[in-house]
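J.: These are the residues of each chain, in order.
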Amino acid sequence: MVGQRIKRREDPRLIQGRATYVDDIKIVGMEHVAFARSDIAHGRIRSIDTSAAEAMAGVTAVLTGAQVAEFVGPVPIITPFPSPDHRAVVVDTVRYVGEAVAVVVATDRYIVKDAADAIVVDYDVLPAVVDTEQAMTGQPAQLHADFENNLAIALVPSGTGVSPDGQTVDDTAIDKAFADADVVVSQRMVNHRLAPSAIEPRGTVAHYEPGHDKMTIWSSTQVPHLLRGFIARMNDMGEDQVRAIAPEVGGGFGAKIQAYPEDYVVAGLSKKLGIALKWIEDRSEAFLATTHGRGVIGYIDIAATKAGKVLGMKLRLIADIGAYNTLFTAAIPTFTTLMANATYDIPAIRTTITEVFTNKTPTDAYRGAGRPEATYFVERGLDMLARKLDMDPADVRRRNFIQPDQFPYTTQMGAVYDSGDYTAALDRALQNSGWDKLKVERDQAQAEGRLVGLGLAMYVEVCGLGPSAVLPTGGWEHSQVTIERDGRINATTGASPHGQGNETTFAQMLADQFGVPLDHITIHHGDTAVAKQGIGTFGSRSQAVGGAALHLAGGKVKKKMAKFAASLIEAHEDDLVFENGRISVKGAPDSGKSFAEVASYAYVPVVGGAVQLPDGLEPGLSEEAFFEPSNNTYPFGCHIALLEIDRETGEPTLLRFVAVDDAGNLINPLIVEGQIHGGLAQGIGQAMIEEVRYSEDGQPLTGSFMDYAIPRAADLPRFELDSTVTPTPVNPLGAKGVGEAGTLGSTPCIVSAAVDALSQFGVTHIDMMLRPEKLWQIINGGQS
Amino acid sequence: MANVSITVNGKLRTADVEPRLLLVHFLREQLNLTGTHVGCDTSQCGACTVLVDGRSAKSCTIFAVQADGSEVTTIEGLAAGDGQLHPLQDGFWEEHGLQCGYCTPGMIMSAVDLLNNNPSPSEREIREGLDGNFCRCTGYQHIVNAVQHAANKG
Numbered sequence: 000m001v002g003q004r005i006k007r008r009e010d011p012r013l014i015q016g017r018a019t020y021v022d023d024i025k026i027v028g029m030e031h032v033a034f035a036r037s038d039i040a041h042g043r044i045r046s047i048d049t050s051a052a053e054a055m056a057g058v059t060a061v062l063t064g065a066q067v068a069e070f071v072g073p074v075p076i077i078t079p080f081p082s083p084d085h086r087a088v089v090v091d092t093v094r095y096v097g098e099a100v101a102v103v104v105a106t107d108r109y110i111v112k113d114a115a116d117a118i119v120v121d122y123d124v125l126p127a128v129v130d131t132e133q134a135m136t137g138q139p140a141q142l143h144a145d146f147e148n149n150l151a152i153a154l155v156p157s158g159t160g161v162s163p164d165g166q167t168v169d170d171t172a173i174d175k176a177f178a179d180a181d182v183v184v185s186q187r188m189v190n191h192r193l194a195p196s197a198i199e200p201r202g203t204v205a206h207y208e209p210g211h212d213k214m215t216i217w218s219s220t221q222v223p224h225l226l227r228g229f230i231a232r233m234n235d236m237g238e239d240q241v242r243a244i245a246p247e248v249g250g251g252f253g254a255k256i257q258a259y260p261e262d263y264v265v266a267g268l269s270k271k272l273g274i275a276l277k278w279i280e281d282r283s284e285a286f287l288a289t290t291h292g293r294g295v296i297g298y299i300d301i302a303a304t305k306a307g308k309v310l311g312m313k314l315r316l317i318a319d320i321g322a323y324n325t326l327f328t329a330a331i332p333t334f335t336t337l338m339a340n341a342t343y344d345i346p347a348i349r350t351t352i353t354e355v356f357t358n359k360t361p362t363d364a365y366r367g368a369g370r371p372e373a374t375y376f377v378e379r380g381l382d383m384l385a386r387k388l389d390m391d392p393a394d395v396r397r398r399n400f401i402q403p404d405q406f407p408y409t410t411q412m413g414a415v416y417d418s419g420d421y422t423a424a425l426d427r428a429l430q431n432s433g434w435d436k437l438k439v440e441r442d443q444a445q446a447e448g449r450l451v452g453l454g455l456a457m458y459v460e461v462c463g464l465g466p467s468a469v470l471p472t473g474g475w476e477h478s479q480v481t482i483e484r485d486g487r488i489n490a491t492t493g494a495s496p497h498g499q500g501n502e503t504t505f506a507q508m509l510a511d512q513f514g515v516p517l518d519h520i521t522i523h524h525g526d527t528a529v530a531k532q533g534i535g536t537f538g539s540r541s542q543a544v545g546g547a548a549l550h551l552a553g554g555k556v557k558k559k560m561a562k563f564a565a566s567l568i569e570a571h572e573d574d575l576v577f578e579n580g581r582i583s584v585k586g587a588p589d590s591g592k593s594f595a596e597v598a599s600y601a602y603v604p605v606v607g608g609a610v611q612l613p614d615g616l617e618p619g620l621s622e623e624a625f626f627e628p629s630n631n632t633y634p635f636g637c638h639i640a641l642l643e644i645d646r647e648t649g650e651p652t653l654l655r656f657v658a659v660d661d662a663g664n665l666i667n668p669l670i671v672e673g674q675i676h677g678g679l680a681q682g683i684g685q686a687m688i689e690e691v692r693y694s695e696d697g698q699p700l701t702g703s704f705m706d707y708a709i710p711r712a713a714d715l716p717r718f719e720l721d722s723t724v725t726p727t728p729v730n731p732l733g734a735k736g737v738g739e740a741g742t743l744g745s746t747p748c749i750v751s752a753a754v755d756a757l758s759q760f761g762v763t764h765i766d767m768m769l770r771p772e773k774l775w776q777i778i779n780g781g782q783s
Numbered sequence: 000m001a002n003v004s005i006t007v008n009g010k011l012r013t014a015d016v017e018p019r020l021l022l023v024h025f026l027r028e029q030l031n032l033t034g035t036h037v038g039c040d041t042s043q044c045g046a047c048t049v050l051v052d053g054r055s056a057k058s059c060t061i062f063a064v065q066a067d068g069s070e071v072t073t074i075e076g077l078a079a080g081d082g083q084l085h086p087l088q089d090g091f092w093e094e095h096g097l098q099c100g101y102c103t104p105g106m107i108m109s110a111v112d113l114l115n116n117n118p119s120p121s122e123r124e125i126r127e128g129l130d131g132n133f134c135r136c137t138g139y140q141h142i143v144n145a146v147q148h149a150a151n152k153g
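Just so you know, the protein sequences line up as chains Z and R, in that order.
For the first sequence, counting from 1, position 382 maps to 381 in numbering that gives the first Met the number 0; every step adds exactly one.
For the second sequence, counting from 1, position 128 maps to 127 in numbering that gives the first Met the number 0; every step adds exactly one.
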């Protein structure tokens, strides 16, 4: 079954409207929660008038931040960086539009909104700072008292000559690279803010049962086990007292890794009031209260020879992290610097990270989380180098690739790339796109006055997160595989999916491992009472870490089952094969027993009236495994875009998109294609139409889908996909992970195509997004 | 309160509702037909799409009282009820036209209307016909394939 394009087992419930998302959950006596939110970007709360809200029929409780602070502590983070006090509901100072200032509980979801709207807050308005580099001056606003000049992280160096603790910095190698260079390209680039925009907004149902002193929390989360831990800790409960359930989850894209203020408040209020509570985010709320992604300025300098060999690179990052440091916020830019080597054998690299508070929604993980930013900066930089040297962009890359015989390859940034064949991916993409012919067609189109451009980008990402040494949550994944007494298989995974299709791919793997039909297997996930341990789904880790844990647990139980079978068949366990629902001696299928017969024996190990347990085994067939990866995986690929810009309007149209992706071994190519398509759509969205914007005083200008454009069907071309297969040695499956891949190569190759189309106007770089007005200005004599 | 009589999935449903109650909340909260989803509050995303008197409509943009006397079909009522999936449901399954599934009911209901009006649409017509439905997971290519799958069967 592994490797086949099997349609998903999840789908029947989803296409018939029979799935259960968090807003579909009802509990007897459940009431509703809504938040009143700040409508200014920065200010001190002078007073809050909750009297009108409290007077409404059906309102159970209204609480201000000070009241919430009595039972909900500061919002925790898990990165090892200093962080200011962050309250779930503001106690005295609001720092972004949308920050919660009060919370309401009511019997009805319309009434609770009415009541939240009736809360009146009087502020001393403070100046707001929105521009990241402006914020670094500490003017006109200082967000947090202990963070001078709004610097969450002042400057963290890494790369060549920097000690692992960052304390000593030796510039010899990087200085020499730039001294020896024939050419240097330098560019400031902006990788702008995005709204993750899962179509299902967030939501939480919390049900504290006083008689049991136990809490159940349903949340639209990617990480139910992490959520359980946070909810327990914040409510002075043990992890044994909290059960977290991710029901059907309507997309996540990184933004649902977070344990959010709303989760803590809803859980805390349920405990305080002793009733079940539901909070469902509105889309307009989501644009303010769900973390944003990206928002990083990169200053890149590339030193190279005339022949296009890169000698050294500097990359200075300035991250706009918004008003607070949330769960993973501070760590996201570290993934950008970690991947600064890209697919290239660059001998000297210096990166620095600066993180800055601004009066905006906090940023955190969004699909790719730091790696798309790295790919964008480096690939755009290499494209500028190719243009400066008048070289084909493919040739510049080819000249610098890490070669297949160099793996495992330790980068200047300390990453150890597991495996790769970058030339193969590049060649396949060039061939599939008809690169040489496309260049001729582009030249002809340009000669006719059409603004047609070609762009190419390589990418490599760090996936399969990750060894526990680099992930503060632990980097393993867990699985339990149980052969039931009727021979059916129940398996659990801690990799809680939200569209990834684990119920299908994981069953495919077990079907092969045990030689049983797919429909004899059920995969359970998302409920901490059923899948007992787990980390969750992010960083393209489901298959590479979760799948590996499943494989290990399956292997353990298979070994035990073989001992029971060997005893029944009177054969040696090493001679047995699991095929077609039977366990039998290899080459003698009739010799064996059915899967169900062996399973039944394992649970009732009685022969001739006496208990007969082979090799002193315990009864039963249920084994679990934790898989701790020895390294990350590093999938890679090459993307090519053909773009045309309307000379009259500046409107760009993506004509073709060719992608070659190498995610190692694939379990289900149909699902892999879907993952790549989705990633491409989000990358293309970033390059062409998506951008979170704020006014100078911190008012969001993109607060709904009316102003924030996510790609629609007609915005996208038919993607032309292909793959190369370079398995990873890091896990027993050879699978690398693919969930984020599409977001990496797509932004630089589209922007490079736009620059290619407009290079005749003297432009060498254009910041995303490719707003028609911006392109029109370039065409009509202004610069980007 | 206002009294409404709406035929939902072939069954007459009568209720007293607040005049401001949205049709989608009438379906979800009062009838427990939770297959219809809410993805935005500005009528863009189309997750709430149902058929009202045979035409696709965003049920977050209609008050229940406006649907008084209408026939409403939701995702739960789309298949004939004989255990067979509707050709579009089948197409979405066969062609992997969904991932998280949240937009899917609305997407399918819009596609029903699309194929009712144009049984053999081109790829461009499918893409433009689904303009009012957002999907954040699939990049739409498999959705287009799913609609083509259903059109070829129909």
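Hints may be right or wrong, so weigh each one.
Below, computed lysine-lysine pairings styled on BS3-like, alpha-carbon distance capped at 30 Å [as the list claims (entries may be wrong)]: (1) 25/Z with 531/Z; (2) 387/Z with 175/Z; (3) 6/Z with 152/R; (4) 152/R with 25/Z; (5) 438/Z with 305/Z.
Computed beta-carbon distance windows for the label pairs [unchecked claim]: (6) 73/Z with 67/R: 49 to 57 Å; (7) 0/R with 2/Z: 45 to 53 Å; (8) 91/Z with 9/R: 50 to 58 Å; (9) 648/Z with 11/R: 31 to 39 Å; (10) 116/R with 91/Z: 56 to 64 Å; (11) 2/Z with 81/R: 31 to 39 Å; (12) 29/Z with 0/R: 17 to 25 Å; (13) 106/Z with 9/R: 52 to 60 Å.
Hints listed in this document are in silico derivations from the structure and should not be mistaken for laboratory results.
No residue lacks a Cβ here, since even glycine has one placed at the ideal position from N, Cα and C.
J.: Lying within 17 to 25 Å: is that true of the beta-carbon distance residue 29/Z to residue 0/R?
T.: holds (23 Å)
J.: For the pair supplied as a hint, residue 152/R and residue 25/Z, confirm whether the alpha-carbon distance does not exceed 30 Å.
T.: violated (39 Å)
J.: Is the gap between the beta carbons of residue 2/Z and residue 81/R within 31 to 39 Å?
T.: Distance hint for residue 2/Z, residue 81/R holds at roughly 35 Å.
J.: Does the Cβ distance between residue 73/Z and residue 67/R fall inside 49 to 57 Å?
T.: holds (50 Å)
J.: Has the hinted range 50 to 58 Å been met by the Cβ atoms of residue 91/Z and residue 9/R?
T.: holds (57 Å)
J.: When you check the alpha-carbon spacing of residue 6/Z and residue 152/R, does it fall within 30 Å?
T.: holds (18 Å)
J.: Just tell me: holds or violated, for the beta carbon distance of residue 0/R and residue 2/Z against 45 to 53 Å?
T.: Given about 59 Å between the Cβ atoms, the range is violated.
J.: Okay, residue 106/Z versus residue 9/R on CB: inside 52 to 60 Å?
T.: violated (32 Å)
J.: Tell me if the beta carbons of residue 116/R and residue 91/Z are separated by a distance inside 56 to 64 Å.
T.: Holds - the Cβ-Cβ distance for residue 116/R and residue 91/Z, about 57 Å, lies within 56 to 64 Å.
J.: The hint says 31 to 39 Å between residue 648/Z and residue 11/R; measuring C-beta to C-beta, is that right?
T.: Since residue 648/Z and residue 11/R have Cβ atoms about 52 Å apart, the given range 31 to 39 Å is violated.
J.: If you draw a straight line from the CA of residue 25/Z to the CA of residue 531/Z, is it 30 Å or shorter?
T.: holds (24 Å)
J.: Take the C-alpha atoms of residue 438/Z and residue 305/Z, compute the straight-line distance between them, and say whether it is at most 30 Å.
T.: holds (23 Å)
Comparing the model with each numbered hint stated earlier shows that hints 4, 7, 9 and 13 do not hold.
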